[in-house]
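Participant: Using the sequences and the hints, build the whole thing.
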Amino acid sequence: MSAETLIGKSIPRIGSVEKALGRARYTGDIILPGMLYGKVLRSPHAHARIVNIDTTKAERIPGVKAVVTGIKDTPRGALFGIIPHTRDHLLLPYDKVRYVGEEVAAVAAIDEDIAEEAVSAIKVEYEPLPFVLTWQDAMKEGAPLVHEHRAKNMAAHYLVHEGNVEEALARSHYVWEHEFTCEVASHALPEPFTALCSFEPSGKYNFWMQTQCPFQVRQGLHNTMKVPLSDIRLHSVPMGGAHGGRSDTPPGAFIAGLLSRKAGKPVQIKFSREEVEDAMRDKAAKVWRVKIGFAKDGAITGRDIFMMLECGAYASSAIVELWVPLLIDEVLWRSPAYRYDAHLVYTNKTISSMMRTRAHVGPMSLDVAFDQVSKELGIDPIELRLKNAVLPNEVVPSKSIVTSTALSESIVMAAKKAKYSQKRGKLAYGRGIGIGSGNMQAMFYMGFRSGSTAFIKFNDDGSCTLFTGNCDLGQGNVTLHTQVAAEELGIPMSTIKVCYGDTELCYQDPGNYSMSATVVSANAVKKAAQDARRRILETAGDLLDVSREEVEQKEDGRYYVKRRIGKGTSVSLGDVCRSAFKRGKPVYGFGDYRARIDYSDFSVDVKQPYNEKTYGQKVTAYSFGTTAVEVKVDTETGQVTVTDIWAVNDCGTVLNPLLVRGQMHAQLSFMLGQGLYETNVWDEKTGRKLTSTYRTYKVPTANETPRIETYTLGIPDPDGPYGAKEGSLGFGCGLHGAIANAIYDAVGIRVYDVPFKPETILKLLKEKEAKEKRKKNSG
Amino acid sequence: MYYYRRLPQFEYVAPGSLKEAASFLQAHPRETRVMAGGTILLHRMKERIGVKKYVMSLKAVPGLDAIDKAPGQVKIGSMVTIQTIADAPVVRRQCGLLAAACQMLGTPQIRSMGTIGGNVACNLATAEIVPVLIALDAQATLAGAKGSRTVSVEELYREVRDGEFVTEILVPVKAGQAWGYEKWAMRKRFDYATVSAAVAIAGTGRVCKDAKIALGGVTLPTRRARRAEEILKGRSLTNRLIVEAAEAAAEDARTGADIHFTAEYKKELIKVMVSRALKQAVSPGKEG
Chain L
4 MSAETLIGKS IPRIGSVEKA LGRARYTGDI ILPGMLYGKV LRSPHAHARI VNIDTTKAER
64 IPGVKAVVTG IKDTPRGALF GIIPHTRDHL LLPYDKVRYV GEEVAAVAAI DEDIAEEAVS
124 AIKVEYEPLP FVLTWQDAMK EGAPLVHEHR AKNMAAHYLV HEGNVEEALA RSHYVWEHEF
184 TCEVASHALP EPFTALCSFE PSGKYNFWMQ TQCPFQVRQG LHNTMKVPLS DIRLHSVPMG
244 GAHGGRSDTP PGAFIAGLLS RKAGKPVQIK FSREEVEDAM RDKAAKVWRV KIGFAKDGAI
304 TGRDIFMMLE CGAYASSAIV ELWVPLLIDE VLWRSPAYRY DAHLVYTNKT ISSMMRTRAH
364 VGPMSLDVAF DQVSKELGID PIELRLKNAV LPNEVVPSKS IVTSTALSES IVMAAKKAKY
424 SQKRGKLAYG RGIGIGSGNM QAMFYMGFRS GSTAFIKFND DGSCTLFTGN CDLGQGNVTL
484 HTQVAAEELG IPMSTIKVCY GDTELCYQDP GNYSMSATVV SANAVKKAAQ DARRRILETA
544 GDLLDVSREE VEQKEDGRYY VKRRIGKGTS VSLGDVCRSA FKRGKPVYGF GDYRARIDYS
604 DFSVDVKQPY NEKTYGQKVT AYSFGTTAVE VKVDTETGQV TVTDIWAVND CGTVLNPLLV
664 RGQMHAQLSF MLGQGLYETN VWDEKTGRKL TSTYRTYKVP TANETPRIET YTLGIPDPDG
724 PYGAKEGSLG FGCGLHGAIA NAIYDAVGIR VYDVPFKPET ILKLLKEKEA KEKRKKNSG
Chain S
-5 MYYYRRLPQF EYVAPGSLKE AASFLQAHPR ETRVMAGGTI LLHRMKERIG VKKYVMSLKA
55 VPGLDAIDKA PGQVKIGSMV TIQTIADAPV VRRQCGLLAA ACQMLGTPQI RSMGTIGGNV
115 ACNLATAEIV PVLIALDAQA TLAGAKGSRT VSVEELYREV RDGEFVTEIL VPVKAGQAWG
175 YEKWAMRKRF DYATVSAAVA IAGTGRVCKD AKIALGGVTL PTRRARRAEE ILKGRSLTNR
235 LIVEAAEAAA EDARTGADIH FTAEYKKELI KVMVSRALKQ AVSPGKEG
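Going down the list, the sequences are from chains L and S. All residue numbers for the first sequence refer to our numbering, where the first residue is 4 and numbers rise by one. All residue numbers for the second sequence refer to our numbering, where the first residue is -5 and numbers rise by one.
I should point out that these hints are in silico values taken from the structure, not numbers from a laboratory. Treat the hints loosely; a few may be bogus.
Taking lysine-lysine pairs in the PhoX-like style, the calculated list, with each CA pair at most 20 Å apart, reads [as the list claims (entries may be wrong)]:
(1) L:K75 to L:K126
(2) S:K40 to L:K635
(3) L:K635 to L:K422
(4) L:K766 to L:K143
(5) L:K390 to L:K294
(6) S:K261 to L:K769
(7) L:K390 to L:K12
(8) L:K766 to S:K261
(9) L:K769 to L:K635
(10) S:K53 to S:K13
(11) S:K13 to S:K140
(12) L:K273 to S:K203
Facilitator: Quick look at the structure:
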């Protein structure tokens, strides 16, 4: 094998040049012969019964090839939901519509103009129903029910209670409590949703669409279309972002499938920006109430958490969001007694799903608590954090073992790099510094995911194709998997091509849920490459007349007999592949990796909510990290600007520093947007979303990006490939806590509601000034 | 309906001369939208707002895309793009306020497509160049079938009649004019001004002979902060006076809530923006 390792090398992301030059071919660039254009008719009502749909006029328009409605064209009662308990979603409904923008009917025509005309010729008779837009309203007695069978609009409930929290808090030296909230956020995916379906007369549906987990999406299509899994193929295509918003089975794909079958031609459905923002996915609004008990020495004695989560009209993968905040919160900071009581509530809004940064109010609540409690207890805030930070091999309340963590190291390093202790409380008025930590799980079980299987096949010239069910959303998974295979095989990365996410050619993979691409998928790739290498050495041994153990690969990439003086005979990988073909012993590699997770005690395959019996190892590896920020507060307008970020990432071994750095910048930018700029607004009268464009939904740009310093700790994880964990999310999940603390340091006000809006901050500043004035006058 | 984003059907006409354009518009005054850069018009048509039978582009009309220096004024053709204005040395030298505001508008793409004529003619509260032109006392030339006439930009919307369109903006050049421009938006760029303030001050030293203050993001048609202007006239621009004027401007301004901000907060922002713009005028180069 070549002496030089690829691990730790900065390798540019494969495919980025094509994307930057506009040459990457996305789903919307694919045109198939005879392809039709689909358009969806959407509900103008937030909640209404569908009384009648009349499509006769639309069907008569020349150029219209198919019109579909829920009642005529979908299998009865075939509901989508990522677990049986939450199967609540007719992807083309025939009973009710539950949010503005929901799919009602669709048309395929020879061009987009005709499709639009035809869609507007469909007459729908609705019986409008009262609707609810917030969880507070949704839970009131007598509130309109989004789903009739769910009383009080409760979609699901999840409870973990370990130790006696009441007693622990009662005995505590000091109890701190507060409520935190975060608003609905958008994924704001740059590439609008597009699905192309080509139905073959054999009964097969070929799909091209953006997805971050092809096998889960195929499962959803299988459940709702009622056709065998083998009749559904998802092809792999380059993607423009996902961030969790492309995890579910999209109604748009389901409808493209119906239209293609009916018209007998390929059908493309492309959403406008407004359709993406209204009818794809959002991140759930959250309320997080926390009570934290502290001992005199600063150690946390117990934590009592109550969480409300709005999932919008359907539970979708928001059900996962009910659970993930626990996986984050219970792991970051130790808590001997612990209660996590979480509720998922339906509202008549855009469906919420998973999103990166999903649990940020949790980490934020603890960081804000540390900042305040340190004063009460007279303990330095860094010391207070270190006292409570989880250590390697600790067991968390729900009984997972944290096998690797450098949380403490990341806190120390971020504080040092930012000169936190020197600056805190000493910067000029309007400027402040703060610190916050976060973490993330790499690969957790959800009742239907476990491991990944990879396969490598070789060509006669020694080049090869790697098949993995994982996919590349932009973060560089193809680069990662190529790098791992090249490292194990000792061959150049350029000779390895990756076929990813094709459900027909690849084996099952969890997809890009919960950061499993490194810890699970790459481990499978590594094992596949090792398996191939064993076969290569065996055939090389055959050719060199020695056993496999006597063969070595030298720096020139060729295979030699070990311990021979002089050059000796050698064979190339091409020789091996050609000869293997002749001998009927093809070279290939097969690798399977199962996550180190307790499957036994946790089952969601029952028709009841998550319950207490959910103890056990939930996650393979946890990543951690800490960010320190400096902010500037405009005391006249309330606007907050983050000027500097120091970010420290405990992502295990750094496989590719360039990609990790890129991912860190991306995560910080994402967090910054949700922390300071992005707000979704609904019209209370109509239930319509008012922020469906980039003009009104304010995603920050390069102009808003602060100076960023990134650091990695490089402490290996026992399970990850070469010791790597995820490097994109966990480290940055504490950014909102850091900003909240920095705002306090700058101007002395506390903020608990994300995003931190200028108007709110100005109001708090004025209140504070008035209070100080009163104090001065009375004193 | 709300989700359709394809352009609706319309007839496109592109007259080759001013005369041709004027006579077409006279023939179809209520059925025609005049298009300059199209950055606002096409977007609104996709939203099905103000769709008419014809779209008349001024692209092929010669002579509307030049910036000329004339005695005492700079003439800017209505088809000159915002970016061209921001970059033009004569504008930067003679009308720094206009160049600064142009550079802060939208994105590079929008600045390169959007024109000054379009920004002025669309009559939106969010049109960022209009308050600047009002503060600068600029005039607009209107062409019509009966010839052309000149009106002040401030009076433009009251003055313009069916069949007329903007061909030119005339910006007076005044020696010793001090100016300030402040725009507040969630994003530094790539955003509409939630509120903005443009101020132009005539005078020597700190004493203000004349002041013009115009606001963006307020309820139309009142863009001028006249009482604030009066407060400043003939007096020395101390910080205290600036605050007094800014407070008057905010008090008088008519603001409305939008989806993100309340009317009260916008008033507060106007106070801060006017005060900062005035401070900028008093000591250029320093942030307010």
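Participant: Quick one: which hint numbers does this structure break? Sort them smallest to largest.
Facilitator: 2, 4, 7, 12
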